[in-house]
Amino acid sequence: MATSILDLGLDRTTEVVADSDDLRLVEALRGGAEEAYEELLTRFQQPAYTLALRLLEDQSEAGDVVQEVFLKVFRNIASFRGQSTLKTWIYRITVNEAHNARRWRFRHKRREVELDPSAEESRSFEEVVADRAPSAFEAVFDRERRAMLDAALEQLNPIFRDAVVLRDIMDLSYEEIAKTLNVSMGTVKSRILRGREALREQLAGGLDKAASLQLVPKPAE
Amino acid sequence: MSCENVQKLISPLLDGNLASRERESVLAHVASCSACAQRLQALENLRSDLRRLASPAIPALLAQKLRVLASHERARQRTRSTWAGRFAPWTDRLELSFNNLMRPFALPFAGGLLSALVVFSLIFVPSFGTASPLGTDPAIELVTTPVDGTVVGRPGETPGTILRGPALACDDTIVELTIDENGNVRDWNMVRGQMTEDVKNMIVYSQFIPATYFGYPVQGKVKVALHNVDRGARS
Numbered sequence: 000m001a002t003s004i005l006d007l008g009l010d011r012t013t014e015v016v017a018d019s020d021d022l023r024l025v026e027a028l029r030g031g032a033e034e035a036y037e038e039l040l041t042r043f044q045q046p047a048y049t050l051a052l053r054l055l056e057d058q059s060e061a062g063d064v065v066q067e068v069f070l071k072v073f074r075n076i077a078s079f080r081g082q083s084t085l086k087t088w089i090y091r092i093t094v095n096e097a098h099n100a101r102r103w104r105f106r107h108k109r110r111e112v113e114l115d116p117s118a119e120e121s122r123s124f125e126e127v128v129a130d131r132a133p134s135a136f137e138a139v140f141d142r143e144r145r146a147m148l149d150a151a152l153e154q155l156n157p158i159f160r161d162a163v164v165l166r167d168i169m170d171l172s173y174e175e176i177a178k179t180l181n182v183s184m185g186t187v188k189s190r191i192l193r194g195r196e197a198l199r200e201q202l203a204g205g206l207d208k209a210a211s212l213q214l215v216p217k218p219a220e
Numbered sequence: 000m001s002c003e004n005v006q007k008l009i010s011p012l013l014d015g016n017l018a019s020r021e022r023e024s025v026l027a028h029v030a031s032c033s034a035c036a037q038r039l040q041a042l043e044n045l046r047s048d049l050r051r052l053a054s055p056a057i058p059a060l061l062a063q064k065l066r067v068l069a070s071h072e073r074a075r076q077r078t079r080s081t082w083a084g085r086f087a088p089w090t091d092r093l094e095l096s097f098n099n100l101m102r103p104f105a106l107p108f109a110g111g112l113l114s115a116l117v118v119f120s121l122i123f124v125p126s127f128g129t130a131s132p133l134g135t136d137p138a139i140e141l142v143t144t145p146v147d148g149t150v151v152g153r154p155g156e157t158p159g160t161i162l163r164g165p166a167l168a169c170d171d172t173i174v175e176l177t178i179d180e181n182g183n184v185r186d187w188n189m190v191r192g193q194m195t196e197d198v199k200n201m202i203v204y205s206q207f208i209p210a211t212y213f214g215y216p217v218q219g220k221v222k223v224a225l226h227n228v229d230r231g232a233r234s
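First to last, the protein sequences are chains A and B. If you're matching positions, the first sequence starts at 0 in numbering that gives the first Met the number 0 and goes up one per residue. If you're matching positions, the second sequence starts at 0 in numbering that gives the first Met the number 0 and goes up one per residue.
For the record, the hints were derived by calculation from the structure and aren't laboratory data. Each residue gets a CB set at the ideal place from its N, CA and C atoms; glycine is no exception. Check before you lean on any hint, since a few could be wrong.
Quick list of in silico lysine-lysine cross-link-like pairs, BS3-like style, CA-CA up to 25 Å [stated by the list, open to error]:
#1 B/Lys7 <-> A/Lys188
#2 B/Lys222 <-> B/Lys199
#3 A/Lys86 <-> B/Lys64
#4 B/Lys199 <-> B/Lys220
#5 A/Lys86 <-> A/Lys71
#6 A/Lys86 <-> A/Lys188
#7 B/Lys7 <-> A/Lys71
Here are the computed distance ranges between Cβ atoms for each label pair [said to hold, decoys possible]:
#8 B/Ala30 <-> A/Met147: 28 to 38 Å
#9 A/Ser59 <-> B/Ser96: 35 to 45 Å
#10 A/Arg23 <-> B/Gln40: 53 to 63 Å
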C-alpha cells in the first residue's frame with residue numbers, strides 16, 4: 000500500500016528560475032507580439048482561474064481576481080527578471096490578489112445578502128441532466144465528498160489553504176510554493192503539514208465510503 | 000522512531016521530500032503501526048481527493064474579457080513605445096483642460112471679434128455698400144487734402160480743369176486757395192501771376208471737393224495753376 004503512495008512525485012526536480020520558453024515569451028510580450036499575448040492566456044488563464052477559485056470559493060470573485068492578475072502581468076511584464084518561472088510569478092500575483100479580495104470581502108461583504116441564484120440553481124439544463132458518472136451511488140457519494148472537501152477548504156485558515164492548494168491542486172513543488180508565497184521552505188512544509196492535518200480532521204466525521212451501506216448477496220432462506 | 004515523529008513526516012513522505020534513510024525509517028514504522036498506517040492512508044486519500052477536485056473550466060465570458068483586456072493592453076503598450084505616444088495622455092489632458100478653460104470665453108470672444116470687424120469696416124472701408132446717387136459724399140479716409148477742383152465757369156462756358164503738380168508751366172498763374180467744407184473758395188493768395196478778371200471769375204465759379212478729417216469735410220488749402228487764363232482755355 001505505502002509503496003504505491005510513495006511513487007507519486009518522488010525526487011521531483013523542478014525549475015525555479017525562468018527557462019528559455021518563459022524568457023522567449025516574456026521577450027515577445029515586451030515586443031508587443033499578438034501571438035505572445037495569446038500564448039500567455041492559453042497557458043495560464045485556466046490555472047490562474049482554478050487557483051483563484053480554490054482560494055476564494057467564489058466564481059465571481061475568482062473572475063475578477065483573474066482579470067486583475069492578467070492586467071498586472073501585462074503591465075509589469077517589463078519588470079519580470081526571470082528569477083522565478085513565469086508560472087510561479089503569475090501564481091504569486093494570483094495568491095496576492097486572492098488575499099486582497101478575501102480581505103475586502105471580510106471587510107465589506109459580510110453583511111450583504113446574496114441575491115444571485117446559487118451555482119446549483121444557475122446550472123443549465125444540460126448540465127443538470129447530463130450524468131456521466133458510473134453509477135448513481137458513486138455520483139452522489141462523489142458529489143457529497145467533493146462538497147465536503149470544498150466546505151473544509153473554505154473553512155481552512157487561508158495561510159494553510161494557500162499552501163495546500165498550491166501543493167495538492169496546482170501541483171507546485173515546495174520550492175515553487177516557497178517562491179510563490181515568499182516564505183522559507185521550512186514554513187512551506189509546516190503549512191502543508193498543518194493544512195492537511197486540519198483538513199483530515201474536518202473530514203474525519205464525514206462520509207466514509209467504506210462505512211457506508213454495503214449490500215451483500217445472500218441466498219434466500 | 001515515535002508515532003508523533005512519524006506522523007510529522009508523513010506529509011513530506013507523500014510529497015517525496017524525505018531523505019532515503021528517513022523514508023525507510025518511516026515506512027518501517029508504518030508497516031508495524033496500524034495508527035500511523037491509517038494516518039498515512041487518510042492523508043493519501045485526502046491528497047488524491049484534492050487532486051480529483053473538479054477544476055471548472057474558465058467561463059467563456061471571462062475568457063473573452065481576458066482577450067479584450069490583452070488586446071487593450073497590447074495597444075496601450077504599442078502606443079507607449081513611442082515618445083509621442085508616451086506623452087499623448089499628458090498632451091490630451093492639457094488640451095482638454097485648455098478647452099474647458101476657454102469654452103466659457105468662446106462665445107463672448109467670437110461676438111466681440113465680429114462686432115469689432117463690423118465697426119472697423121464701417122469706419123475704414125470707403126463707400127461701404129451703397130454709393131450716393133449724387134456722388135457728392137466725401138471720401139471716407141482718415142485725412143484728405145482738397146483735390147482737383149472742377150471749374151464750373153459761368154453759365155454758358157465750358158468747364159475746364161485746374162492743373163497741379165508737374166503739369167505746371169513757367170507762365171502759369173499760381174494761386175493758393177482756401178477751400179471751405181462745402182467745396183467753395185473762401186479765400187485766395189496769389190503765388191505767381193496777376194489777379195485778373197478772368198482769374199477771379201474762374202476762382203469764384205469753381206467747385207472743389209473739400210478736405211476731410213476722419214470722413215468729415217473740413218477747410219483746407221490747395222495750390223492751383225491756371226493756364227492761359229487770358230485766352231480762356233483751361234486744361
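Checked hints:
Proximity of B/Lys7 to A/Lys188 is assessed by CA-CA distance (about 10 Å); at most 25 Å being required, the pair is judged to hold. For a cut-off of 25 Å, the pair hint linking B/Lys222 to B/Lys199 stands: about 15 Å separates their Cα positions. Annotation: proposed proximity of A/Lys86 to B/Lys64 holds, straight-line Cα distance about 21 Å (limit 25 Å). For a cut-off of 25 Å, the pair hint linking B/Lys199 to B/Lys220 stands: about 17 Å separates their Cα positions.
Taking the CA atoms of A/Lys86 and A/Lys71, the gap is near 14 Å; set against the 25 Å cutoff, the hint holds. With a C-alpha separation of about 20 Å, the suggested pairing of A/Lys86 with A/Lys188 holds against the 25 Å cut-off. Proposed proximity of B/Lys7 and A/Lys71 is contradicted: the alpha carbons are some 38 Å apart, above 25 Å. At roughly 30 Å, the beta-carbon separation of B/Ala30 and A/Met147 lies within the given 28 to 38 Å, and the hint holds.
Range check, A/Ser59 to B/Ser96: about 38 Å between beta-carbon atoms, so the 35 to 45 Å window is met. The hinted range of 53 to 63 Å is not satisfied by A/Arg23 and B/Gln40, whose Cβ atoms lie roughly 44 Å apart.
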